[in-house]
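Asks: When you get a sec, could you build the whole thing from the sequences and use the hints?
Number of protein chains: 2
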Amino acid sequence: MPVGTNATVKAMTPEDLLAVNAQIILSNTYHLYLRPGHRLVEKMGGLHKFMNWNRPVLTDSGGFQVFSLGELRKISEYGVKFQSHIDGSRHFLTPELSIQIQEALGADIIMCFDECPSSKANYSYVSSSLAMTARWAKRCKEARRREDQQLFGIIQGGMYHDLRARSLEDICSIGFDGYALGGLSVGETKEEMYGVMDVCAPMMPNDAPRYIMGIGAPEDLVEAVWRGYDMFDCVMPTRNARNGMLFTSQGRINIKSKAFEEDDGPLDPECGCHVCQNYSRAYLRHIYRAGEILASNLNTYHNLYYYLDLMHQMRNAIRNNNFDGFRRDFYLKLQCNSII
Amino acid sequence: MPVGTNATVKAMTPEDLLAVNAQIILSNTYHLYLRPGHRLVEKMGGLHKFMNWNRPVLTDSGGFQVFSLGELRKISEYGVKFQSHIDGSRHFLTPELSIQIQEALGADIIMCFDECPSSKANYSYVSSSLAMTARWAKRCKEARRREDQQLFGIIQGGMYHDLRARSLEDICSIGFDGYALGGLSVGETKEEMYGVMDVCAPMMPNDAPRYIMGIGAPEDLVEAVWRGYDMFDCVMPTRNARNGMLFTSQGRINIKSKAFEEDDGPLDPECGCHVCQNYSRAYLRHIYRAGEILASNLNTYHNLYYYLDLMHQMRNAIRNNNFDGFRRDFYLKLQCNSII
Numbered sequence: 008m009p010v011g012t013n014a015t016v017k018a019m020t021p022e023d024l025l026a027v028n029a030q031i032i033l034s035n036t037y038h039l040y041l042r043p044g045h046r047l048v049e050k051m052g053g054l055h056k057f058m059n060w061n062r063p064v065l066t067d068s069g070g071f072q073v074f075s076l077g078e079l080r081k082i083s084e085y086g087v088k089f090q091s092h093i094d095g096s097r098h099f100l101t102p103e104l105s106i107q108i109q110e111a112l113g114a115d116i117i118m119c120f121d122e123c124p125s126s127k128a129n130y131s132y133v134s135s136s137l138a139m140t141a142r143w144a145k146r147c148k149e150a151r152r153r154e155d156q157q158l159f160g161i162i163q164g165g166m167y168h169d170l171r172a173r174s175l176e177d178i179c180s181i182g183f184d185g186y187a188l189g190g191l192s193v194g195e196t197k198e199e200m201y202g203v204m205d206v207c208a209p210m211m212p213n214d215a216p217r218y219i220m221g222i223g224a225p226e227d228l229v230e231a232v233w234r235g236y237d238m239f240d241c242v243m244p245t246r247n248a249r250n251g252m253l254f255t256s257q258g259r260i261n262i263k264s265k266a267f268e269e270d271d272g273p274l275d276p277e278c279g280c281h282v283c284q285n286y287s288r289a290y291l292r293h294i295y296r297a298g299e300i301l302a303s304n305l306n307t308y309h310n311l312y313y314y315l316d317l318m319h320q321m322r323n324a325i326r327n328n329n330f331d332g333f334r335r336d337f338y339l340k341l342q343c344n345s346i347i
Numbered sequence: 008m009p010v011g012t013n014a015t016v017k018a019m020t021p022e023d024l025l026a027v028n029a030q031i032i033l034s035n036t037y038h039l040y041l042r043p044g045h046r047l048v049e050k051m052g053g054l055h056k057f058m059n060w061n062r063p064v065l066t067d068s069g070g071f072q073v074f075s076l077g078e079l080r081k082i083s084e085y086g087v088k089f090q091s092h093i094d095g096s097r098h099f100l101t102p103e104l105s106i107q108i109q110e111a112l113g114a115d116i117i118m119c120f121d122e123c124p125s126s127k128a129n130y131s132y133v134s135s136s137l138a139m140t141a142r143w144a145k146r147c148k149e150a151r152r153r154e155d156q157q158l159f160g161i162i163q164g165g166m167y168h169d170l171r172a173r174s175l176e177d178i179c180s181i182g183f184d185g186y187a188l189g190g191l192s193v194g195e196t197k198e199e200m201y202g203v204m205d206v207c208a209p210m211m212p213n214d215a216p217r218y219i220m221g222i223g224a225p226e227d228l229v230e231a232v233w234r235g236y237d238m239f240d241c242v243m244p245t246r247n248a249r250n251g252m253l254f255t256s257q258g259r260i261n262i263k264s265k266a267f268e269e270d271d272g273p274l275d276p277e278c279g280c281h282v283c284q285n286y287s288r289a290y291l292r293h294i295y296r297a298g299e300i301l302a303s304n305l306n307t308y309h310n311l312y313y314y315l316d317l318m319h320q321m322r323n324a325i326r327n328n329n330f331d332g333f334r335r336d337f338y339l340k341l342q343c344n345s346i347i
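Chains as they are written, first to last, in our numbering: chain H, 8 to 347; chain E, 8 to 347.
Keep in mind that the hints were calculated from the coordinates and are not lab data. The reader is advised that the hints may include incorrect statements.
Since the list gives no way to pick out one identical chain from another, each pair is judged satisfied if it fits inside one copy or across any two copies.
Below, in silico cross-link-like pairs of lysine to aspartate or glutamate (EDC-like), each with a Cα-Cα straight-line distance of 16 Å or less [stated by the list, open to error]: (1) K56 with E269; (2) K340 with E226; (3) K88 with E195; (4) K50 with E269.
Since this is a predicted model, take the numbers as computed values, not measurements.
Replies: Encoded structure:
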């Protein structure tokens with residue numbers, strides 16, 4: 008799903024998001040709590056109305072951003088003390104406050120407040136951390152007041168397969184509306200990432216959505232869906248777009264490249280998006296180099312279209328009972344890549 | 008008309024420009040000559056195709072930007088030597104080259120290469136400058152090869168009424184498809200600007216478009232139309248939008264202001280634009296403060312809608328033979344301003 012830090016997906020209007028068939032947006036609790044504040048968003052009628060988006064919204068718990076603050080935060084059983092990256096002001100985020108904020112923001116899916124340990128954390132740290140995450144998950148469930156939101160639990164455990172299994176059992180035994188794998192895409196190898204997907208998939212409930220947080224590259228989504236996961240969020244399509252890195256059916260291209268200077272062809276000849284239908288690579292290169300805001304708009308539009316179309320193709324392949332064939336073709340096309 | 012420096016109006020897509028009823032875009036010859044180069048644009052099928060815009064385009068002559076370079080340029084009868092602001096490369100822009108560039112870019116309306124003297128230039132400088140501008144205008148007309156473009160002459164003369172009259176006579180006697188006043192909005196007072204409009208209007212041909220270059224504030228457009236001028240270009244609606252300064256029927260507002268923190272009303276209650284229909288002042292303030300690209304998109308959209316709607320209202324008032332009434336109401340509303 009497209010990721011919207013400040014109650015907007017960067018460089019996109021809600022109409023753009025509808026046009027690329029976005030079904031759901033992720034909004035960041037940490038950012039909205041600090042600015043403009045969840046009480047203001049609530050007063051303005053909630054996130055949907057505030058940002059003019061009528062389709063579903065998911066909010067994260069704020070945990071991931073807070074743990075990313077490094078020196079600016081301190082963890083205890085009760086919660087996490089941190090200082091704002093904007094003005095240095097001091098805050099205390101607890102499982103209960105995270106749920107209160109998410110209820111005020113009014114998303115359709117809200118997430119439990121979890122600890123996401125560093126990718127370098129050792130076995131004993133990860134082991135005690137996931138126990139605390141389970142206690143926090145229980146507190147989140149108890150703190151919940153709104154029945155119209157879906158509350159998802161988050162499974163941690165780092166790259167340790169037995170700890171993933173233990174966390175999964177802990178979280179599932181509490182019982183949530185959906186289940187997420189946290190703590191991936193934090194610097195691990197693809198083998199490690201796919202290994203965690205492999206070990207968790209057979210143990211996850213079959214009657215609830217399975218969400219992997221923070222992934223990933225197109226091939227990561229294919230691998231995750233192949234292993235039975237349903238939902239994903241990632242900054243990659245939007246952030247890379249703003250840096251000129253574009254996803255195509257033949258692989259990634261860097262639109263800044265001199266190779267595209269006089270290229271009047273579309274970005275991706277196989278893509279049906281508005282950008283590929285109306286603009287040349289030469290034009291996209293020109294406006295990127297000139298620093299035009301339109302470059303961020305068009306590049307982001309295309310990358311989101313690519314990602315959401317990929318998910319659409321995967322849903323179709325599953326419906327047609329042809330996911331293996333789809334996956335083979337996906338990799339074949341990447342290998343025939345002639346334009347990088 | 009909206010101004011597009013790098014073959015795009017900043018923060019707008021062509022669809023946005025259609026939605027705000029833009030009839031024509033101005034593209035800058037200076038910028039496009041340096042990057043990506045007029046020959047590249049020509050090879051890509053011309054400006055319209057390059058930037059995906061099917062309605063009319065006007066290119067300026069490049070003169071104004073070159074003269075703004077200060078120390079980086081040197082003027083002679085033959086033309087202007089200058090150094091690129093991008094890479095310091097050396098160039099020589101002449102009336103003939105300006106026309107060649109504009110023919111390669113392929114706009115619908117192209118402009119004569121003129122000298123635009125500093126607002127501090129004295130009488131004798133302006134007097135000899137406008138004589139050279141007339142000689143350059145002749146050379147532009149002779150250099151012209153394409154008959155499918157409209158070529159406009161430019162009247163200079165600074166704030167000296169007799170020099171304006173002389174330049175007007177010079178340029179009109181050469182004969183062009185339209186006539187522009189250059190050298191306004193260069194630091195003069197409103198009285199001086201309106202004075203030049205006053206003195207030139209009765210002498211301008213009645214059967215050709217009258218264009219004032221580089222203006223202006225909404226009230227400047229009202230004053231210019233009242234005096235018989237037809238066309239205008241200005242960065243004000245787009246540049247101010249990106250700085251959070253928004254035009255409304257009740258006057259200008261600064262969207263950054265704390266006054267709008269919890270304001271769930273539309274930017275301009277009288278405005279029918281998509282932004283005023285779908286977003287609150289509180290949201291526009293939030294995304295501006297968060298540095299979101301969407302703030303530039305939405306603010307620019309609104310300001311352009313405001314300007315183009317103002318022009319539309321003026322055309323209607325003229326058709327209904329009620330321009331005096333329109334002008335009175337325009338100022339009355341500004342005076343009732345309750346939101347600045």
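Asks: Indicate, hint by hint, whether the structure satisfies it.
Replies: Against the structure, the hints come out as follows:
1. Proximity of K56 to E269 under the C-alpha cut-off of 16 Å is restricted to the inter-copy arrangement: shortest distance 14 Å between copies versus 44 Å within a copy.
2. For the identical chains of this complex, K340 and E226 are intra-copy neighbours only, at 12 Å inside a copy versus 58 Å across copies, given an alpha-carbon limit of 16 Å.
3. For a Cα distance limit of 16 Å, the shortest separation of K88 from E195 qualifies neither inside one copy, at 27 Å, nor across copies, at 56 Å.
4. When the C-alpha separation of K50 and E269 is checked against a cutoff of 16 Å, the pair qualifies only between copies, where the shortest distance is 8 Å, while the shortest distance within a copy is 52 Å.
Hint compliance for this structure: hint 3 alone is broken.
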